[in-house]
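A.B. asks: Here are the chains, one letter per residue:
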Amino acid sequence: EPEVTQTPSHQVTQMGQEVILRCVPISNHLYFYWYRQILGQKVEFLVSFYNNEISEKSEIFDDQFSVERPDGSNFTLKIRSTKLEDSAMYFCASSELGGADYGYTFGSGTRLTVV
Amino acid sequence: LAKTTQPISMDSYEGQEVNITCSHNNIATNDYITWYQQFPSQGPRFIIQGYKTKVTNEVASLFIPADRKSSTLSLPRVSLSDTAVYYCLVGAVNDYKLSFGAGTTVTVRA
Chain A
4 EPEVTQTPSH
14 QVTQMGQEVI
24 LRCVPISNHL
34 YFYWYRQILG
44 QKVEFLVSFY
54 NNEISEKSEI
64 FDDQFSVERP
74 DGSNFTLKIR
84 STKLEDSAMY
94 FCASSELGGA
104 DYGYTFGSGT
114 RLTVV
Chain B
122 LAKTTQPISM
132 DSYEGQEVNI
142 TCSHNNIATN
152 DYITWYQQFP
162 SQGPRFIIQG
172 YKTKVTNEVA
182 SLFIPADRKS
192 STLSLPRVSL
202 SDTAVYYCLV
212 GAVNDYKLSF
222 GAGTTVTVRA
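Protein sequence lines correspond, in order, to chains A and B. If you number the first sequence the way our numbering does, the last residue is 118 and the count never jumps. If you number the second sequence the way our numbering does, the last residue is 231 and the count never jumps.
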């Protein structure tokens with residue numbers, strides 16, 4: 004079964020540093036997403052990406068965050084000037100087509116700890 | 122986005138059938154109903170999706186009554202490995218963001 008691969012699985016960073024979380028979506032999928040889940044809380048939507056541009060973003064996804072598809076396979080989330088409250092599991096997802104009428108495939112996540 | 126309501130938790134035993142009902146009274150005509158499963162420290166996993174009546178796959182069944190104001194996820198003969206959080210989501214073809222609620226924590230005991 005095709006998988007969404009995320010690296011690293013764990014990342015510890017100091018407050019104020021920049022981190023890049025990496026994802027390899029399923030190869031024939033066209034829509035890509037980032038979600039996050041703070042420990043003990045709900046899974047929250049951050050951003051959706053299609054055709055090399057952001058199609059939708061949440062209020063959480065402010066200027067501190069950016070996404071990029073630097074090549075044909077990777078999809079990255081950059082978090083600048085990390086804060087303690089950015090500590091969370093970050094999940095990448097992809098879908099063949101966009102919209103809630105399609106199932107999304109999520110990766111296993113990157114646990115980000117900001118100290 | 123239609124709001125969903127589902128039980129916070131359910132307990133079951135191995136080999137039993139687990140039915141989780143989700144209420145979505147203000148579901149719109151072009152909304153689909155999707156269920157995801159999440160294990161601790163893992164990403165959500167798509168289980169099943171439907172629009173109306175009944176959908177069945179190798180993992181679960183989804184029952185949707187004619188008024189579509191609720192849906193029931195049925196997990197047949199659960200095992201310990203089915204212990205997880207189950208989310209009911211409602212969204213339309215042009216909804217790119219999935220809205221996860223608190224989900225239902227299903228605990229399967231031996």
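No lab work stands behind these hints: they were computed from the structure. Model, not experiment: these values are computed from the prediction. Do not take every clue at face value.
Stated by the list, open to error - Facing chain B, from chain A, some residues (calculated, C-beta under 10 Å):
#1 7
#2 34
#3 66
#4 68
#5 95
#6 110
A virtual CB, placed ideally from N, CA and C, is assigned to each residue, including glycine.
A.B. asks: So, for every hint listed, does it hold in this structure?
C.D. replies: Evaluated hints:
1. 7: 8 Å, holds
2. 34: 7 Å, holds
3. 66: With Cβ-Cβ at 19 Å, over 10 Å, it is violated.
4. 68: 15 Å, violated
5. 95: Since the shortest Cβ distance to chain B is 8 Å, the answer is holds.
6. 110: 5 Å, holds
In summary, the numbered hints that this structure violates are 3 and 4.
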